[in-house]
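Q: The listed protein sequences correspond, in order, to chains E and S.
Going by my numbering, the residue at position 34 of the first sequence is 34; the numbering climbs one at a time, nothing skipped.
Going by my numbering, the residue at position 70 of the second sequence is 70; the numbering climbs one at a time, nothing skipped.
Bear in mind the hints are in silico, worked out from the structure with no lab data behind them.
Warning: the hint list may mix true and false statements.
With a cut-off of at most 27 angstroms between alpha-carbon atoms, the simulated BS3-like pairs for lysine-lysine come out as follows [claimed, not checked]:
| id | chain 1 | residue 1 | chain 2 | residue 2 |
| --- | --- | --- | --- | --- |
| 1 | E | Lys92 | S | Lys20 |
| 2 | S | Lys265 | E | Lys92 |
| 3 | E | Lys236 | E | Lys189 |
| 4 | E | Lys80 | E | Lys98 |
| 5 | E | Lys98 | E | Lys163 |
| 6 | E | Lys163 | E | Lys120 |
| 7 | E | Lys19 | E | Lys92 |
| 8 | E | Lys56 | S | Lys113 |
| 9 | S | Lys113 | S | Lys163 |
Covered stretches of chain E, going by a simulated chain S footprint (3 or more residues, C-beta under 8 angstroms) [claimed, not checked]:
| id | segment |
| --- | --- |
| 10 | 69-79 |
| 11 | 106-117 |
| 12 | 126-138 |
Cβ atoms here follow ideal geometry from the backbone N, Cα and C, with glycine treated the same way.
Okay, here's what each chain looks like letter by letter:
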Amino acid sequence: MIQFKDVGLVYPNGTEGLKNINVTINDGEFVVIVGLSGAGKSTFIRSINRLVTPTKGSLLVDDEDILSYRSRELRKLRTKVGMIFQNYNLVKRTNVLKNVLAGRLGHTGTLRSILNFYKKEDIGLAYESLQRVNIAEKIYNRADELSGGQQQRVSIARVLTQKPGYILADEPVASLDPPTSHQVMSYLKKINKEDNITTIVNLHFIDMAMEYADRIIGMRAGEVVFDGPVSEVTEKTFEEIYGRSIREDDLRGGADES
Amino acid sequence: MTNQSKDVIKSKTPSLFPAKTKAQVTLIFFVVLGFYLFSMFWTQRDMVGGFSNSLSNMFTVIGKFFPPNLSVIPAVWGPMAQTIQMAIVATTFATIFTVPLAIMSAQNITTFKPLYYATRTLMNILRTIPDLVLAVIFVGLFGIGILPGILALFIFSLGILAKLISETIESVDMNPLEAMRASGGNVFQVIFFGLVPQVLPQFTSFVLYVFEINIRASVVLGLVGAGGIGLILDQQLGFYNYPNAMAIIILIFVVVIVIEYISNKLREALI
């Protein structure tokens with residue numbers, strides 16, 4: 001369970017990233033955060049694994065306040081909170097299997113990982129994760145030889161290898177075309193259901209949010225302006241979140257192509 | 001009517017660069033031009049008479065160098081090997097010591113500012129001292145031989161390598177490093193997994209490049225007493241034994257070319 005209690009974040013340059021956030025995310029939920037760019041979606045998600053540190057309030061993950069965490073505890077937190085990025089963030093010159101094994105870094109001793117002495121189970125786990133996203137035949141390809149969608153699937157495999165309790169996905173489909181976007185979202189949804197991993201996804205496409213989310217949180221200017229199950233959401237809700245009428249580029253489309 | 005519209009266009013069309021930039025660039029241009037003219041004038045005044053009899057001198061000197069006495073070559077293989085060894089040892093140690101230094105002087109990895117500035121300053125100091133001066137100092141400290149040469153080359157190449165590699169590190173894609181951190185990796189794991197694969201090809205290429213420089217530099221360092229073939233060359237020149245000196249020069253030339261060829265091939269294979 002993740003609980004935001006009066007969380008606020010002011011960046012060193014004075015920008016307010018988050019204002020007075022109070023949100024509780026229950027185990028196993030698939031939450032989609034929507035909002036325009038600059039609304040604080042990324043800041044919200046990155047607070048949960050402390051890639052950014054809120055300056056106010058308290059943030060509880062599994063009933064422990066993570067804001068006071070320092071190096072060792074922080075690494076432990078990050079082993080149970082996996083993250084997927086917009087630009088996949090793979091090491092391009094390294095092969096797929098090794099990229100996926102990077103998910104085990106937090107569980108592996110420094111010397112062991114530097115010398116490439118991975119445990120057999122870890123390599124097995126990495127291979128299994130790659131099979132789950134249907135890309136196991138590419139294990140020895142370099143990451144930059146893959147297409148965008150394939151790279152994002154590898155990064156999902158990396159997160160799976162981490163065996164996390166939570167998955168954060170920061171705009172995972174923003175660099176992909178519509179059919180690939182749906183594919184990636186389907187994998188995330190499937191993993192959420194099969195492994196009961198709490199998943200929080202940032203999106204700015206309305207139709208995709210509606211299709212995959214259990215619950216939608218709307219953000220504007222660092223504040224939560226909507227929070228409710230997807231059944232309560234209408235086009236009007238989005239207009240309120242965005243503060244303007246809905247346009248064509250707010251939709252990803254291509255749902256039936258996948 | 002047409003005149004009027006022309007005026008409108010004239011007043012509305014912006015210039016390609018702001019007036020301030022234009023003025024600055026013009027000023028800089030004339031200052032640089034001034035430097036050129038001044039140094040041309042100055043050196044000419046000093047060089048008067050410099051060229052007049054150098055041509056006939058040149059033929060006498062070249063005449064003395066030929067034919068080279070190639071029979072000395074077997075005797076100088078030892079010092080030649082010493083020169084190469086100096087370069088290899090110095091490059092190896094410089095490569096090892098560069099790693100922490102380059103990481104600590106890369107702004108994107110070392111976020112702790114005082115450490116960054118300290119290593120940057122240290123490296124700048126290292127690089128301002130010419131290798132020849134280092135060699136003279138170390139020969140004074142340790143006496144004539146191979147050790148001062150190695151030390152001088154080591155410090156000299158450490159300065160270059162650390163600078164080149166820290167700049168390579170600063171230009172890497174930071175996203176994978178963020179991902180490693182997000183999956184719970186510690187500093188060493190992040191560096192080994194996210195950074196090393198990205199800089200390894202350039203790193204190897206720079207090391208080979210510095211090795212080439214070191215081969216040539218170690219010859220020069222021999223001239224001031226830092227061991228190797230340079231020392232022998234200096235002795236032969238001192239004895240006015242030009243045919244022997246010429247043979248040594250030819251040997252150095254061939255060895256340098258062979259080594260550069262090999263390291264070029266290696267570098268091509270890497271990138």
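Q: Are the hints correct? Go through all of them and say.
A: Taking the hints in turn, this is what the structure says about them:
1. Restraint check for Lys92/E and Lys20/S: not satisfied, since their Cα atoms lie roughly 43 angstroms apart, outside the 27 angstroms limit.
2. Taking the CA atoms of Lys265/S and Lys92/E, the gap is near 24 angstroms; set against the 27 angstroms cutoff, the hint holds.
3. A C-alpha spacing of about 25 angstroms is found between Lys236/E and Lys189/E, which places the hinted pair at or below 27 angstroms, so the restraint holds.
4. This hinted pair checks out: Lys80/E and Lys98/E have alpha carbons roughly 20 angstroms apart, not beyond 27 angstroms.
5. Proximity of Lys98/E to Lys163/E is assessed by CA-CA distance (about 16 angstroms); at most 27 angstroms being required, the pair is judged to hold.
6. A C-alpha spacing of about 16 angstroms is found between Lys163/E and Lys120/E, which places the hinted pair at or below 27 angstroms, so the restraint holds.
7. Pair hint Lys19/E plus Lys92/E does not hold up; C-alpha atoms about 37 angstroms apart against a cutoff of 27 angstroms.
8. About 26 angstroms separates the Cα atoms of Lys56/E and Lys113/S, which keeps this hinted pair within 27 angstroms; it holds.
9. Pair hint Lys113/S plus Lys163/S holds up; C-alpha atoms about 17 angstroms apart against a cutoff of 27 angstroms.
10. Look at the segment 69-79 of chain E against chain S: 6 of its residues bring a Cβ nearer than 8 angstroms to a Cβ of that chain, three or more, so the hint holds.
11. As drawn, the segment 106-117 of chain E meets chain S at 6 residues by the rule of a beta-carbon pair under 8 angstroms; at three or more, the given contact holds.
12. With 0 residues having a beta carbon nearer than 8 angstroms to a beta carbon of chain S, the segment 126-138 of chain E misses the requirement of three or more and the stated coverage is violated.
Of the numbered hints given earlier, the model fails hints 1, 7 and 12; all others are met.
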